[in-house]
Amino acid sequence: MYKMKQSLFSTSSLCYMIFSDSEVPMKGYSTEASLTISSDMQFLPLAMSFTEASAKAFGLEKTDALKLTLACEETFTYICKTSKETRSLVMKATNGLYYVGVQFLFNASDFDPRAFNLTAQVSPDDEQGLDEMGLIIASRSVERLQIFHGSEGVSLVLVKEKSYPPMSKITIPESKTLRDFTVVAPDPGTLKLFAGQIVHYYPDHLYPRDFRFPGKLMDMVASGEYGAAVAVGKEELTGGGVVWFQSSGKMVEVFGPYLFNQPPQSSMAARLINAVIEGLAKTGILFLIVMYATPELPSGYFEPLGAIDIFKKDSPPAAITVYCRQLKEDPGSTVWVHPELEEFLKKEYRRLYFARRMKPTESAGEARPEHSVFAARFVKAQNTVILNTIWDGVDFSDNLDRHIRTLGNEGIPNIFFEIDLAYAWQANLIPLLLRREFIPRLVLPYAGEGDIVLFQHGKGL
Amino acid sequence: MFIVPLDSLVPDYVKTFEAYIPSKPDPELMKLYGCDRLYRLNNNENPLGPPPGAQEIMRRFPPPRAGLYPSGDSYYMRCRLAELYGMDPDQFLFGNGANEVIAFVIKAFCQEGDNIITADKTFAVYEWVATFSGFTAKLIPLKDFGFDDQAMLDAIDERTKILFVCNPNNPTGTYWNEAKLRSFLDTVAGRQIVVIDEAYCEFVEKDDYPDGMKLISEYPNLVVFRTFSKMYGLAGLRIGYLMGSMGVVDVIRRTCVVYSVNTVAQDTALAAIDDIDHIYRTREIVNTEKRYLREELDGLGLETQIGEGCFIMVRLPMSDTLAYRKFMSEGVMIRSMTGFRFPNWIRVSIGRHGAMEAFVEALKKVLSV
Ligand SMILES: Cc1ncc(COP(=O)(O)O)c(C=O)c1O
Chain A
327 MYKMKQSLFS TSSLCYMIFS DSEVPMKGYS TEASLTISSD MQFLPLAMSF TEASAKAFGL
387 EKTDALKLTL ACEETFTYIC KTSKETRSLV MKATNGLYYV GVQFLFNASD FDPRAFNLTA
447 QVSPDDEQGL DEMGLIIASR SVERLQIFHG SEGVSLVLVK EKSYPPMSKI TIPESKTLRD
507 FTVVAPDPGT LKLFAGQIVH YYPDHLYPRD FRFPGKLMDM VASGEYGAAV AVGKEELTGG
567 GVVWFQSSGK MVEVFGPYLF NQPPQSSMAA RLINAVIEGL AKTGILFLIV MYATPELPSG
627 YFEPLGAIDI FKKDSPPAAI TVYCRQLKED PGSTVWVHPE LEEFLKKEYR RLYFARRMKP
687 TESAGEARPE HSVFAARFVK AQNTVILNTI WDGVDFSDNL DRHIRTLGNE GIPNIFFEID
747 LAYAWQANLI PLLLRREFIP RLVLPYAGEG DIVLFQHGKG L
Chain B
43 MFIVPLDSLV PDYVKTFEAY IPSKPDPELM KLYGCDRLYR LNNNENPLGP PPGAQEIMRR
103 FPPPRAGLYP SGDSYYMRCR LAELYGMDPD QFLFGNGANE VIAFVIKAFC QEGDNIITAD
163 KTFAVYEWVA TFSGFTAKLI PLKDFGFDDQ AMLDAIDERT KILFVCNPNN PTGTYWNEAK
223 LRSFLDTVAG RQIVVIDEAY CEFVEKDDYP DGMKLISEYP NLVVFRTFSK MYGLAGLRIG
283 YLMGSMGVVD VIRRTCVVYS VNTVAQDTAL AAIDDIDHIY RTREIVNTEK RYLREELDGL
343 GLETQIGEGC FIMVRLPMSD TLAYRKFMSE GVMIRSMTGF RFPNWIRVSI GRHGAMEAFV
403 EALKKVLSV
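Sequence lines, in order, name chains A and B. Using the numbering used here, you'd call the opening residue of the first sequence number 327 and step up by one each time. Using the numbering used here, you'd call the opening residue of the second sequence number 43 and step up by one each time.
Because the hints were derived from the structure by calculation, they are not lab data. Check the hints yourself; a few may be wrong.
[As the list claims (entries may be wrong)] Okay, derived cross-link-like pairs now, DSBU-like style, lysine-lysine, Cα gap no bigger than 35 angstroms in a straight line:
no.: 1; chain 1: A; residue 1: 672; chain 2: B; residue 2: 66
no.: 2; chain 1: B; residue 1: 57; chain 2: B; residue 2: 368
no.: 3; chain 1: A; residue 1: 393; chain 2: A; residue 2: 576
no.: 4; chain 1: A; residue 1: 576; chain 2: B; residue 2: 222
no.: 5; chain 1: A; residue 1: 576; chain 2: B; residue 2: 248
no.: 6; chain 1: A; residue 1: 502; chain 2: B; residue 2: 57
no.: 7; chain 1: A; residue 1: 388; chain 2: A; residue 2: 672
no.: 8; chain 1: A; residue 1: 654; chain 2: B; residue 2: 185
no.: 9; chain 1: A; residue 1: 576; chain 2: B; residue 2: 256
no.: 10; chain 1: B; residue 1: 368; chain 2: A; residue 2: 672
no.: 11; chain 1: A; residue 1: 654; chain 2: B; residue 2: 203
no.: 12; chain 1: B; residue 1: 368; chain 2: A; residue 2: 518
no.: 13; chain 1: B; residue 1: 57; chain 2: A; residue 2: 418
no.: 14; chain 1: B; residue 1: 149; chain 2: A; residue 2: 576
no.: 15; chain 1: A; residue 1: 654; chain 2: B; residue 2: 256
no.: 16; chain 1: A; residue 1: 685; chain 2: B; residue 2: 406
[Stated by the list, open to error] Pairwise CB distance ranges (calculated):
no.: 17; chain 1: A; residue 1: 685; chain 2: B; residue 2: 126; range: 52 to 60 angstroms
no.: 18; chain 1: A; residue 1: 685; chain 2: B; residue 2: 301; range: 41 to 49 angstroms
no.: 19; chain 1: A; residue 1: 530; chain 2: B; residue 2: 185; range: 48 to 56 angstroms
no.: 20; chain 1: B; residue 1: 185; chain 2: A; residue 2: 526; range: 35 to 43 angstroms
no.: 21; chain 1: A; residue 1: 593; chain 2: B; residue 2: 111; range: 55 to 63 angstroms
no.: 22; chain 1: B; residue 1: 301; chain 2: A; residue 2: 657; range: 26 to 34 angstroms
no.: 23; chain 1: A; residue 1: 466; chain 2: B; residue 2: 190; range: 53 to 61 angstroms
no.: 24; chain 1: A; residue 1: 559; chain 2: B; residue 2: 250; range: 34 to 42 angstroms
The beta-carbon is built from N, C-alpha and C at its ideal position, and this holds for glycine as well.
Make the full structure from the sequences, and use the hints.
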C-alpha cells in the first residue's frame, strides 16, 4: 500500500485521554476496491469504468471522477504501450475520505522501468513528441502523482482530491484568553470552527490551503491521516490548536500551533506541542517537521534545519525555515560523503550535534548501468516535485536535464532532489546535482535509509 | 530462495509495534561521538556495583560449572528468600531480570480482548508486553507526577485482568503510601491481579512506604516484583523475581520459562541479599549526590522532579533529544524522556561524585550553546 493508515494513537496516553470518549477516526466507509487485469488495450474500457465507478462510490463529484478517469486512461494506455508483452497488473482504488487514489502496481521485471521516469517517452520516435508524455499528461488532471519503485515492483499512484465548498460566512466567535484549558481532540463541530479560526486569525502563508475548506479538514482528520488537538476552556471555547500529518512511516509534519487571542506568556502552545509529542512518543515516528511555523511555535522544542524557497502561484516567493525535532535518542550512524559536499555536511552535523562517521566516496570510473530511473512525488497544489534516484545510470545528467525542462514547461518551479547518504552510489551523484544548479538546503536525519540531503534546484531567493 | 509471506504471518499487533533499540556499546558510542570518556547515567545502575561478597563469588566461579544447567527454578535463592521473609519457597518465581517476570504475569492472565491498566508515564515494559502480545494497555495519565489511584479504578472494566503500579515510580520517584495502597487493594477487592513493581524499594527510607511482600497474606491477588539489578548492582547478570500467594503463583508458574536464570547470577544474588551494609553505603551516596544535584539544578533555575530511587528528573529549556546529543558529545549519557512521554525532560541516574560533577559541568555547556 502506498499510504500508512494505522491510527497514530493506538496505544498512547493521548489516545486514552482524547480518543476514548470522543470521535474516533471514522469507520464503516468502504475503503478499497481492486482489479487485476493485463496490460492490454482491450482492457482500457474496463480500467476506465473501474476508476470511474470507484471514484463515484468513494464520493468524488462527477467532474472530479471524470478527471481521475482521464488520468487513469492516460496512465493505462502508457503502461500498455511501454510493455513489450502483455503482463498482469493490479489496479487499486482507495477511499482516502478527502481524496480518491488509484494505484497501478506491476512487477518491474516485466516492464522497462525506465519508462517510469516522469519524463519518459513511449519511444524516442513517438509521434506525440517530447512534450506529450503520458505520465505528465496524467499528472495534469490530478493533485498528486507518485512513482515508487519498491520490492513489490513499480507502483504509480494518482490522487484526486475531492472538491469542497469554501468557508461559509458564519461569524467566527471572538476568542478569549483562556487561563484554564484542556487539550483534547476536537469534535467535528469544533474542528470546523477551528478551521475558520485559523483562517480568520492567521495570514494564509502560515497554513495549508486545505484549511480554507472546513469540510476538507474534517475529512482529513476523520481519515486518520491527519490529527488535530485543540485547547478548550470551560465554556467549550477554543483558544488554539494544532494539526499534524503523518507524511511517511518515520515523519510527522506539524502545522501551527495556532493561538487565538492568547497572551504571549500562555503555556498553550507548549501544551499543544507536548500533546502531539506525547501521542507519538512510543510509535515508530522518528521526527517531527514544521514547515508552517507560526510565531507561536514554542521555543526549546524544535531545531532549525535550514531553509527552502517556495514559489507559489498566488503569492510572492518566500524562504521557509524548516524545523525538526527528533523523537528518539540518536544512535549515531555512518554516512557516505562526496568530497564536494563534505564541508556542508561537516558544518551541518557539527551545528546540529549529529554523531556521524563519514566515509568518503566518489565515482572512480567504474561501470554504471546505462539508464537512470527517478522516482517522483508530484504535488500540484504546491507546485512542487520531489525527485530521488531509484537506479543509477550514465544518463543521470541528461535525465536530470529532461526533468528540469519538462517540469519547467509544466510551470513547476519548486524542484527538489533527495540524496540518501546510506548509499555510496547516491552520494556519488552529488557533483552532478551541483553542476545542474542544485543547492544543498538541509539534512533530514534518518529520513531515508540513512540521512537525506535535500537539494533544491535554482539559485534561491 | 523463498519469500516469507510476512504480511499474512505476522499478527497486526506485532506489525504496528515498534521495536525498542537499545544504545550501542560504550566503545562504539565513544568513537561516534568522539569522546574519550563516557559516564553512563541512563540506566539507573548502582554506582557501587555489586556488593563485595558477591564480587568474590563471581571471581571464584569454577568455569567447568558453566557446562552444566543451572537450577531451573533458582532453588536455593527461593529457599533463602522464604527464610528471610517468612514465606513459602513456592511463593517465589525467578526470571531473567524483573523484565521477564512481567511477561510471565501477562501471559498467565490475559487472553484475546483483555486489558491491563497502568500509567502513561512509567516504566514502559508493562505497556510493551501487553501491546505486542495483542492486549490493550489502558494508560492513565499521572496526577501530580504520581499514579492516579481513582482514575485507575475507574478504568477497570470486565476485561481488565491486571493493574500495574510502579512503587516508587520510575521515572518520577513518587510512591503510594501504605494507606493509599491498602485502600486501592480494598476497592479492587481481589477481582483483578494487582502488581506492585518494587524495583527500587531498597532505596526508599520513608516510614509510610509499604512493603508489598507483607501485604500478600492479606491480599491474595497481589503480586510483587523485585530485582537484583538496582540496589544489588547485578544488572548485567539479569536476575529478578516475583512473589504472590500460593494460588496465584501456581498459575503464573505455568507460563514461566525455567532455566532462564544462569548459575553465576543465582550464586551471586545469594551472596548479595545478605549484605545490608551495601544498602547503607549505596543510600549514603545516592542521598548525598541527590542533595548536590538539587542544589546545582536549583542554582541553574531548572525545574526538577526528585523523589525516591537512584535517579532524578530535570526539565530543560530545550528539546531533550537535542540535549541527549549535546551531552553525548561531552561524554555524558543521560536518558532523554520524550520516550517516557515527558518532552524536554531528562532523567539522570545517580552516580559517584565525579560523574555527578561531570554531568553538571556538561549541563552548563549544553545550556550555554
Ligand atoms: C520499575 C522497573 N521495573 C523493572 C525493571 C527491570 O529490571 P530488570 O533489570 O530486573 O529486568 C526496571 C529497570 O529499569 C525498572 O525500572
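Outcome of the hint check:
For a cut-off of 35 angstroms, the pair hint linking residue 672(A) to residue 66(B) stands: about 23 angstroms separates their Cα positions. Between residue 57(B) and residue 368(B) the CA atoms are separated by roughly 33 angstroms; this keeps the pair inside 35 angstroms, and the hint holds. Distance check on the hinted pair: residue 393(A) and residue 576(A) sit about 32 angstroms apart at the alpha-carbon level, within 35 angstroms; holds. This hinted pair does not check out: residue 576(A) and residue 222(B) have alpha carbons roughly 42 angstroms apart, beyond 35 angstroms.
A distance of roughly 44 angstroms separates the Cα atoms of residue 576(A) and residue 248(B); the hinted pair therefore is violated under the 35 angstroms criterion. Between residue 502(A) and residue 57(B), the direct Cα distance comes to roughly 44 angstroms. Violation of the 35 angstroms bound is thereby established for this hinted pair. With a C-alpha separation of about 53 angstroms, the suggested pairing of residue 388(A) with residue 672(A) is violated against the 35 angstroms cut-off. Annotation: proposed proximity of residue 654(A) to residue 185(B) holds, straight-line Cα distance about 25 angstroms (limit 35 angstroms).
The hinted pair formed by residue 576(A) and residue 256(B) fails the criterion: a straight-line CA distance of about 47 angstroms is larger than 35 angstroms. A distance of roughly 16 angstroms separates the Cα atoms of residue 368(B) and residue 672(A); the hinted pair therefore holds under the 35 angstroms criterion. The hinted pair formed by residue 654(A) and residue 203(B) meets the criterion: a straight-line CA distance of about 31 angstroms does not exceed 35 angstroms. Straight-line distance between C-alpha atoms of residue 368(B) and residue 518(A) comes to about 42 angstroms, which puts the hinted pair past the 35 angstroms bound.
Using a Cα cut-off of 35 angstroms, the hinted pair residue 57(B) and residue 418(A) holds, with the two alpha carbons roughly 22 angstroms apart. Distance restraint check for residue 149(B) and residue 576(A): the Cα-Cα separation of roughly 31 angstroms lies within the 35 angstroms cut-off, and the hinted pair is therefore satisfied. Under the criterion of a C-alpha separation no larger than 35 angstroms, the hint pairing residue 654(A) with residue 256(B) is inconsistent with the structure, at around 40 angstroms. A hinted pair counts as satisfied when its Cα atoms are at most 35 angstroms apart, and residue 685(A) with residue 406(B) qualifies at roughly 32 angstroms.
Judged by the Cβ atoms, the range 52 to 60 angstroms given for residue 685(A) and residue 126(B) holds: they are separated by roughly 56 angstroms. Distance hint check for residue 685(A) and residue 301(B): the Cβ-Cβ separation is about 44 angstroms, which falls inside the suggested range of 41 to 49 angstroms. At roughly 41 angstroms, the beta-carbon separation of residue 530(A) and residue 185(B) lies outside the given 48 to 56 angstroms, and the hint is violated. Between residue 185(B) and residue 526(A) the CB atoms are about 36 angstroms apart, so this pair conforms to the stated range of 35 to 43 angstroms.
Here the CB-CB span from residue 593(A) to residue 111(B) is close to 58 angstroms, well matched to the stated 55 to 63 angstroms. A C-beta distance of roughly 32 angstroms is found between residue 301(B) and residue 657(A), which places it inside the suggested range of 26 to 34 angstroms. Take residue 466(A) and residue 190(B): their Cβ atoms lie about 56 angstroms apart, and the range 53 to 61 angstroms holds. Hint check: residue 559(A) to residue 250(B), Cβ distance near 38 angstroms, so the stated range 34 to 42 angstroms holds.
In this structure, the earlier hints numbered 4, 5, 6, 7, 9, 12, 15, 19 are contradicted, and the remaining ones agree with it.
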